[in-house]
Amino acid sequence: NAGVMQNPRHLVRRRGQEARLRCSPMKGHSHVYWYRQLPEEGLKFMVYLQKENIIDESGMPKERFSAEFPKEGPSILRIQQVVRGDSAAYFCASSPGPGPNTGELFFGEGSRLTVL
Amino acid sequence: EDQVTQSPEALRLQEGESSSLNCSYTVSGLRGLFWYRQDPGKGPEFLFTLYSAGEEKEKERLKATLTKKESFLHITAPKPEDSATYLCAVQDSGGSNYKLTFGKGTLLTVNP
Chain V
1 NAGVMQNPRH LVRRRGQEAR LRCSPMKGHS HVYWYRQLPE EGLKFMVYLQ KENIIDESGM
61 PKERFSAEFP KEGPSILRIQ QVVRGDSAAY FCASSPGPGP NTGELFFGEG SRLTVL
Chain Y
1001 EDQVTQSPEA LRLQEGESSS LNCSYTVSGL RGLFWYRQDP GKGPEFLFTL YSAGEEKEKE
1061 RLKATLTKKE SFLHITAPKP EDSATYLCAV QDSGGSNYKL TFGKGTLLTV NP
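If you're matching them up, the sequences are chains V and Y in order. Residue numbering for the first sequence is 1 to 116, as defined by the working numbering. Residue numbering for the second sequence is 1001 to 1112, as defined by the working numbering.
No wet-lab data here; the hints were simulated from the structure. It is possible that part of the hints are untrue.
Which bits of chain Y does chain V cover? Going by a derived footprint, with three or more residues having C-beta under 8 Å, they are [unchecked claim]:
(1) 1038-1047
(2) 1098-1108
Label pairs and their calculated CB-CB ranges [to be verified]:
(3) Y:Glu1045 with V:Glu72: 25 to 31 Å
(4) Y:Thr1067 with V:Lys27: 36 to 42 Å
(5) Y:Glu1045 with V:Arg22: 17 to 23 Å
(6) V:Gly85 with Y:Lys1059: 43 to 49 Å
(7) Y:Lys1059 with V:Arg78: 20 to 26 Å
(8) Y:Pro1040 with V:Gly85: 19 to 25 Å
(9) V:Glu18 with Y:Thr1067: 42 to 48 Å
(10) V:Glu72 with Y:Ser1083: 39 to 45 Å
(11) Y:Pro1112 with V:Gln17: 42 to 48 Å
(12) Y:Glu1015 with V:Gln17: 43 to 49 Å
Cβ atoms here follow ideal geometry from the backbone N, Cα and C, with glycine treated the same way.
Produce the entire structure from the sequences given, and follow the hints as far as they go.
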């Protein structure tokens, strides 16, 4: 019974390159959330997706960031033209139903992005 | 805007020394308050959800309580394996009620 799977666990990029982070939710979960954890900061909501739909991306920076959750395959968080300030841990979480009010969120182990 | 403040930032305890962690929150309407545990290099792991003032939840050495302005995580006779960062989060009852607003966490260290 695999949990939320994220890859890569660690990613190093130079400024201006692209970063792609992948998340496979728990089996049976169709709701995916991305959170970012900056050093010395709390987890910040970025985006909420269901299969083929972006429900809320209000926490995403307006430029360079995008997310998708296709019908087949993992959810992907894409960061174009990375800058040093993008260095953070990116966590994916999934839930079986609409929103964490139905119960707990199941988090992956995170993808740690370092921008040189 | 929802806000969550956790205190202390860090806490060192001796094994068996009970204590409490605090989570103060500001939210227009509370749908739920959540406690998570995060080990170094790992993702948060769900512990409790509290929905209304006066509610309490227990799990092993941990007990979470809720008032209208704050929540406490009481740790009774802690063991070294309880060492972790404990995160508090709130969920607003407004339109975007699936977002969790997290505090920065309390880093708990329990020495043997």
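A quick look at each hint next to the structure:
1. Counting residues of the stretch 1038-1047 of chain Y whose beta carbon lies closer than 8 Å to any beta carbon of chain V gives 6, which reaches the threshold of three, so the coverage claim holds.
2. With a cut-off of 8 Å between beta carbons, the stretch 1098-1108 of chain Y has 8 residues touching chain V; three or more are needed, and the interface restraint holds.
3. Range check, Glu1045 of chain Y to Glu72 of chain V: about 29 Å between beta-carbon atoms, so the 25 to 31 Å window is met.
4. Distance hint check: the CB atoms of Thr1067 of chain Y and Lys27 of chain V are about 38 Å apart, consistent with the given range 36 to 42 Å.
5. At roughly 21 Å, the beta carbons of Glu1045 of chain Y and Arg22 of chain V sit within the given window of 17 to 23 Å.
6. Separated by about 37 Å at the C-beta atoms, Gly85 of chain V and Lys1059 of chain Y break the suggested range of 43 to 49 Å.
7. Between Lys1059 of chain Y and Arg78 of chain V the beta carbon distance is about 38 Å. The supplied range of 20 to 26 Å is therefore violated.
8. Taking the beta carbon of each, Pro1040 of chain Y and Gly85 of chain V are about 23 Å apart, inside 19 to 25 Å as hinted.
9. Distance hint check for Glu18 of chain V and Thr1067 of chain Y: the Cβ-Cβ separation is about 47 Å, which falls inside the suggested range of 42 to 48 Å.
10. Look at Glu72 of chain V against Ser1083 of chain Y: about 41 Å separates their beta carbons, and that is inside 39 to 45 Å.
11. Take Pro1112 of chain Y and Gln17 of chain V: their Cβ atoms lie about 45 Å apart, and the range 42 to 48 Å holds.
12. A beta carbon spacing of about 47 Å between Glu1015 of chain Y and Gln17 of chain V agrees with the range 43 to 49 Å that was offered as a hint.
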